Amino acid sequence: MAAVAHPPATRDVVVVGHGMVGHRLVEALRARDGEGRWRITVLAEESDAAYDRVGLTGYTEHWDRGLLALPGNDYTGDQRVRLLLRSRVAEIDRATKSVLTADGRRYRYDVLVLATGSYPFVPPVPGHDLPLCHVYRTLDDLDAIRADAQRALQAGHARAGVVIGGGLLGLEAANALRQFGLHTHVVEMMPRLMAQQVDEAGGALLARMITELGIAVHLEAKTESIEPMTHSDGSTSVRVRLSDGETIEAGVVIFAAGIRPRDELAAAAGLAIADRGGVLTDLSCRTSDPDIYAVGEVAAIEGRCYGLVGPGYTSAEVVVDQLLGGAAEFGEADMSTKLKLLGVDVASFGDAMATTPNCLEVVVNDAVNQTYAKLVLSDDAKTLLGGILVGDASAYGVLRPMVGSELPGDPLALIAPAQSGGAAGNLGVSALPDGAQICSCNNVTKGDLTAAIANGCADVAALKSCTSAGTSCGSCVPMLKQLLQAEGVQQSKALCEHFSQSRQELFEIIMATGIRTFSGLLDRFGTGKGCDICKPAVASILASTGSEHILDGEQASLQDSNDHFLANIQRNGSYSVVPRVPGGDIKPEHLILIGQIAQEFGLYTKITGGQRIDMFGARVDQLPAIWKRLVDAGMESGHAYGKAVRTVKSCVGNDWCRYGQQDSVQLAIDLELRYRGLRAPHKIKMGVSGCARECAEARAKDVGVIATEKGWNLYVGGNGGFTPRHAQLLASDLDEQTLIRYIDRFLMFYIRTADRLQRTASWIESLEGGLDHVRDVVCNDSLGLAEEFEAAIARHVANYKCEWKGVLEDPEKLSRFVSFVNAPDAPDPTVTFTEYNGRKRPAPPNDGQADPVLMGMPRVRA
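With UniProt numbering as the guide, the letters of the sequence shown map in order to residues 1 to 862.
Certain hints may be false.
EDC-like mimics (lysine to aspartate or glutamate), calculated; alpha carbons at most 20 Å apart, straight line [said to hold, decoys possible]: (1) 683 - 655; (2) 382 - 366; (3) 628 - 589; (4) 464 - 52; (5) 493 - 244; (6) 493 - 765; (7) 587 - 670; (8) 97 - 264; (9) 710 - 636; (10) 222 - 244; (11) 805 - 787.
Hints in this document: simulated from the structure, not taken from any laboratory. Since the structure is predicted, the reported quantities are computational estimates derived from the model, not experimental observations.
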């Protein structure tokens with residue numbers, strides 16, 4: 001009689017901790033455990049499921065926790081996984097093989113995995129536990145830091161923030177404080193910043209570049225004490241005393257002095273702890289208890305803790321393999337890092353500090369262009385061992401995978417400045433062997449990627465899905481594009497399925513044919529009915545090549561939700577009202593009017609980083625009434641809703657500032673009025689600073705202008721957001737007339753040739769020749785299009801009209817601004833709007849039946 005095969009018995013694995021590594025372990029086990037041998041319980045201390053802690057500083061850009069959430073972090077629909085948030089484990093009972101949470105619940109395990117991570121080290125400085133002192137580790141930490149920063153700015157006594165620690169985390173914290181508007185100090189006890197990643201020369205350049213951004217750097221300085229201060233108005237601050245005798249009054253102090261593994265739970269359970277902390281494991285990540293593993297920052301693998309996410313992911317994969325009967329072990333960890341701090345590129349890889357005996361160093365220190373590059377080579381100068389890049393890390397993608405391999409040419413040529421014909425980036429991905437690791441976070445080699453391409457992966461999205469490359473930190477994504485090109489995969493430039501042409505090609509078609517409608521363009525050059533990709537893109541092209549109102553006729557149906565109502569929709573369904581304040585210069589009567597409108601309509605007001613006042617919480621039916629008040633008083637749309645020129649930020653210039661060299665305020669006003677409403681592939685922000693102190697943060701803008709003694713320096717290609725860029729110098733010491741001509745040309749060159757939703761920074765990077773090519777076109781007129789570009793801007797200036805004024809003058813356009821399409825005269829009386837967390841939102845109708853109305857969105861009620 002044939003034997004009957006029985007499925008393996010189901011066992012329980014409990015994972016303590018739900019950070020990036022804990023989530024990676026769960027995802028890997030789910031993917032590989034096809035037979036369902038393991039039930040997974042995840043006990044998370046935080047209230048948020050796993051999020052991107054590497055990108056924590058990005059939270060300060062949007063304050064939306066959901067945007068940092070790791071994909072699939074709630075395991076919806078998977079009955080094998082139980083995720084329990086706010087469940088701090090208080091005890092491991094090895095005798096009963098169970099864990100006890102702080103709320104008294106007990107969970108049994110067959111295997112326990114400790115993914116408890118680390119905690120910020122706070123040196124025992126007197127006053128370290130004062131209320132204004134924080135660490136920089138979680139989303140809750142950033143919320144608390146923001147609250148104190150806002151209080152400091154409102155009180156006005158201590159508009160400074162101090163970060164204790166000048167490593168990677170410290171500089172990220174400094175960036176956050178700078179974004180909050182605080183004058184930021186970084187205190188580092190070592191003689192250089194980022195001492196673990198860069199050497200003395202690289203650290204010196206990094207310190208100089210960060211100082212130029214307005215951040216005070218204190219090196220070889222210790223914090224002696226932090227003392228509380230109370231002011232006459234009841235506000236509080238602290239006095240930070242440094243070892244060199246300097247004192248700083250601050251509203252916020254952040255400790256970023258390193259991390260320590262959270263091994264207290266393991267220690268209390270009697271597990272072996274490494275000499276320098278961390279749960280001691282062997283190469284299989286198994287602890288001194290064979291049924292307990294440790295991964296990530298808490299694991300001291302053969303005595304060494306790794307503080308980077310890449311090695312953490314590797315340890316998670318090792319444990320999953322062990323759980324499924326494999327014999328994987330932790331190999332050599334990739335400790336390379338690449339990041340952009342405050343707009344400054346920094347990268348290190350391999351033996352960056354040249355600790356290998358008899359190794360050689362090749363260095364290029366370019367003080368003029370503010371770049372530093374070092375390669376560490378074997379004693380025969382043939383094999384790459386490591387390197388450091390500061391100021392320009394474009395060569396990182398090629399150099400890092402070459403560690404341990406023989407170099408393909410002269411080492412000096414690999415790190416020579418790009419303009420001199422060098423740079424490793426010129427080699428391309430074809431120079432790498434198949435075994436080169438392209439994605440260190442997910443251990444994906446060039447061979448893995450070429451195999452995926454051979455099996456049909458034809459774009460970056462497919463490579464990400466198939467191999468997981470580029471799905472963590474994202475630094476290898478440019479290499480994926482290069483590899484597709486190197487393998488001969490034709491990359492489609494089609495705008496979408498309805499147009500085979502690129503945005504640039506459609507722009508040229510519209511210019512050449514004179515077509516002024518989407519339907520006309522679709523009939524002649526497209527297929528189907530169009531979609532939410534091509535409709536707004538074509539609408540933008542039509543707007544930037546003509547003077548029609550964007551809500552005229554067919555154009556109105558092309559717009560996205562913001563342009564549809566000439567206002568930004570907010571997360572609760574209400575809309576914002578943003579009048580233009582050119583250069584931040586505003587009349588007292590306009591300030592009073594904004595205050596009156598906000599009071600009458602119950603709107604929340606916010607002064608933005610673009611130096612204007614936003615009003616939030618308006619319903620669609622209220623927008624015309626609000627804008628009539630504003631337009632009648634001489635104000636106009638600020639185009640906060642459109643992919644267009646938004647704001648031109650300015651400092652006070654030589655009118656008031658003793659350092660001011662030029663009239664930055666008037667220039668900012670002139671530029672904003674010149675380019676207001678100019679539609680583009682993406683939003684455009686500008687800044688004008690009256691001196692090199694850079695109070696307007698011009699080098700963080702798409703177009704930045706900084707005054708010099710001789711005139712103006714023009715910078716281009718900067719932006720904030722998820723991939724911040726530092727603007728690059730295009731031309732120096734320009735007179736005002738030449739400056740404006742160059743900006744005209746730059747903007748039109750970008751508008752005509754950029755892809756859909758492509759920022760100026762990535763557009764410049766995508767051009768063959770990069771900034772040098774842009775300079776040739778804009779300054780040297782290499783394409784012979786300068787006159788055409790300037791004429792296009794002149795037409796825009798001549799034909800500009802406020803879009804909201806156009807709405808108010810047209811009853812047909814006004815008819816779209818109703819809360820309910822069959823109740824145009826007034827809001828539905830059965831719907832009331834009540835306060836909720838400081839914002840307006842609809843309450844249920846009086847009969848108690850829920851009404852699915854998003855505020856301001858047209859709905860037909862029965």
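Given the hinted pair residue 493 and residue 244, is their Cα-Cα distance within 20 Å?
This hinted pair is violated, its Cα atoms lying about 58 Å apart.
Given the hint that residue 628 pairs with residue 589, test it: the Cα-Cα distance must not exceed 20 Å.
Within the cut-off at roughly 16 Å; holds.
Would you mind confirming whether the straight-line C-alpha gap from residue 222 to residue 244 stays at or under 20 Å?
Distance of about 8 Å is within 20 Å: holds.
So if I understand the rule, the pair passes when the alpha-carbon distance is 20 Å or less; does residue 805 with residue 787 pass?
violated, 31 Å
Are the Cα positions of residue 97 and residue 264 separated by 20 Å at most?
Holds, at about 18 Å.
Going straight from one Cα to the other, do residue 710 and residue 636 come out at no more than 20 Å?
violated, 34 Å
Within a Cα-Cα threshold of 20 Å, do residue 587 and residue 670 meet the stated pairing?
It holds: about 16 Å lies between the C-alpha atoms, which stays within 20 Å.
20 Å limit on alpha-carbon distance, applied to hinted pair residue 683 and residue 655:
Violated, at about 30 Å.
Satisfaction of hint between residue 52 and residue 464, Cα-Cα up to 20 Å
holds, 17 Å
Taking 20 Å as the top limit, are the C-alpha atoms of residue 493 and residue 765 close enough?
Holds, at roughly 17 Å.
Pair hint outcome, residue 382 versus residue 366 [Cα-Cα no greater than 20 Å]:
violated, 24 Å
Of the hints listed earlier, those the structure fails to meet are numbers 1, 2, 5, 9 and 11, in rising order.
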